[in-house]
Amino acid sequence: MTHEATGSVADQTLSEQLGAALRGDTPETFDNRSPFVACLLPLLRALGWNNYARELIESLPHFSDHIELVDLRNILVRLGYDSMPRAFRLNQIPGELYPCLFVDEASNPLVLLAEEVLPDGEKKVRYFDPATGGESVAALDGRKGTAYLFTHIHSTHGQTVSARNEGDWFSGLMKRFHNALGWLLGMTFLINLISVSVPLFIMMVYDKVIGAESEHALPTMLLGILLLLLADIVLRYYRGRLMGTVAGRMDYLIGAETFRQILNLPPMMTERSTMAAQLSRLKQFDSVRDFFTGSNATTMLDLPFIPLLIGIMAVIAGWTALVPVVMLLLFVVFGLLWLPISAGRIVRTGQARNEKQKMLIQSLAGRSEIKGAAAERSWLERYREYSAESSTANYKAAVASAVIHAVSQAGVALGSVAILVIGVLSVMAGEMSIGALIATMVLGGKVLSPIQQTFLGIGRFKQVLAAIRQINQLMKLDVEPSHSTAGVMLGGLRGRIGIDRVSFRYSPSGDPALAGVSLVVQPGEMVAITGDTGSGKSTLVKLLAGMYKPQAGTLTLDEHDIRQLNVRDLRRAIAYVPQNAQLFHGTIAQNIRLNNVLATDEDLHEVARQAGILEDILALPKGFETPIGDERTMRLTPGLIHGISMARAFVCSAQIVILDEPGAALDRDGDLRLQAQLRALKGRKTIILVTHRPSHVRLVDKVLVFDKGATKFVGEPEKALQVMAGGLREGK
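Read in order, the letters of the sequence shown are residues 25 to 756 in my numbering.
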């Protein structure tokens, strides 16, 4: 039954196959199709990895069917190992740098484990070769390649670190690229020096070749300028490659780290914000990536060398070099006057675009309701209003941008004319040669061009600065502790829940969602929570599931205050099934394993049987490897969707099960199957059931009836049903 539950091996990705081998504690049986995957476990063992299978499986790529070097390094980063590449010959890597990963120029990896001293005193190296699948001890050859040296980010696994990122996070990110930035500035300096050679060549041709009628010097000069231009092409090519590497790496790090930060934020900080607002905020981060991949980054690299070009102009043409300086001052003055107006229009354009996007999201999410209410015409009118406002804002922003472009073009043209006029007067006065005039004109263009680009890019630059400020603010927010020692660890949970005068409100000025609620749930007891909409049922459930923390009173699990518990350990100890089941892009097996990546195929088979969906899953063409998520979820029946959510909760072997309106989307047959599941679980697990259905209430041992955040009744099911119907007063 090894693969009956989850489909054939051919249907599984490389990561899934490795995960299956780790779950079964048989990694040696894994059929490696990638040499870098084969290097993973030997390298981790050599680095002192303690074989935390859960963390390793969670660090594997979700969908990848082929793991390369970059994937291996990313896996190790997620496990806490940073890597630094250094060029070496294989036999020249110092032994104190072991263990390390060596990749030769043909992309063949070796894991260098340790130096071995033989009885005769000869030194050799013990290494792992994925080509043979085993370790060897031998002398190494001198092939060229790259050694990847690994450093543990934390001194011990699970070390507690501060949840807050102090300081400027983006500046810290930039420091990681200081070597690359140094190379970029160095290459840009050489490129600017070479760019000066062209006007100097023109000046020498006019003054030395044509003026002196010395054509024999032309071939030598031409050969020299061609070599310099070739060097310019090579430098620009390598600068572009390095800029692409830096931009790509920054894009990955910004995206991954901000997404990790958002995932680790307390739920209260994210769930009160709309999806459109959060998407808009994340989209603003793309402007940082676009800035570093576009022409603006090249302009920023050229800016530090403008004084160099102006200095060369001063040597050639004297006071003519003041023209670019004057134009720069004029651009600054105009920018101070006009850019605030332009920036205001750009901000309004963004706001109008966001409002239009929110309208579209609402329309797509609620198109069935719009159709059902025959409200297409009125909804279309609303969309037209948003579109008109967005178009007007875009028009005003376009006009402001057109003014900036017109002024910048006019400024460059005026500067060029000024250089020409002053240069002509200098030539007529005998202070400058014709060649020097032409060279000055070319140099003036090279100086004015980055000034113009900077002026045009100020709006984009301000957007990037705003996005960077938002990133820094996001990274400074307190996140939930994510390390194993950040809180008391649960062990052997019996399932007793104690709620003592618990109060909670969502905002300081809002009414309390819970006010002095008290309840004791004994291990194995089934308790129903019911009440009107907005009475506090979902709030209490989220408190129990560790999503919120009580603001007053005490909430305990087996006498442990919930505020002192490790939050991840707490959530894994509680099986929580929300009212609206959310299935994610992936396979059915991956969705069920979301709550326990260590679950074996047999575990999936068992929890699917408990949820009553095993036969339905096995009837699918690919079984547990059937892709779901997005629009494919709509093809599944509500009962199967709810069953997958139930199986995902059961797979963590939790002693406490919380079910939030489990019968809301079920038909009669599905509800009868749910009741049978509840009867089977009764007495074996502590069950908290949020429901309005009398058939569910009659199954439980105790009922808690809410009214406006307060306890209205606690007692037997039959009396609770009378309270719900208005037949009994509180406490009777």
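Since the hints were derived computationally from the structure, they do not count as laboratory data. Keep in mind that this is a model prediction, so the values were computed, not measured. Please note that the accuracy of each hint is not assured.
[Unchecked claim] Computed beta-carbon distance windows for the label pairs: (1) Gly-158 with Arg-377: 40 to 48 Å; (2) Arg-406 with Thr-269: 20 to 28 Å; (3) Ser-527 with Arg-708: 28 to 36 Å.
[Unchecked claim] Here are the simulated lysine-lysine pairs, DSS-like style, with alpha carbons at most 30 Å apart: (4) Lys-732 with Lys-743; (5) Lys-736 with Lys-726; (6) Lys-199 with Lys-380; (7) Lys-148 with Lys-168; (8) Lys-395 with Lys-380; (9) Lys-500 with Lys-382; (10) Lys-486 with Lys-500; (11) Lys-420 with Lys-395; (12) Lys-232 with Lys-470; (13) Lys-566 with Lys-709; (14) Lys-500 with Lys-420; (15) Lys-168 with Lys-199; (16) Lys-646 with Lys-706; (17) Lys-709 with Lys-573; (18) Lys-486 with Lys-470; (19) Lys-573 with Lys-470; (20) Lys-420 with Lys-382; (21) Lys-148 with Lys-382; (22) Lys-566 with Lys-726; (23) Lys-566 with Lys-743.
Virtual Cβ for every residue (Gly too), placed ideally from N, Cα, C.
- Message: Checking each numbered hint in turn, tell me which of them this model violates, lowest number first.
- Response: The structure conflicts with hints 1, 2, 6, 11, 14, 16, 19, 21, although it agrees with all the remaining ones.
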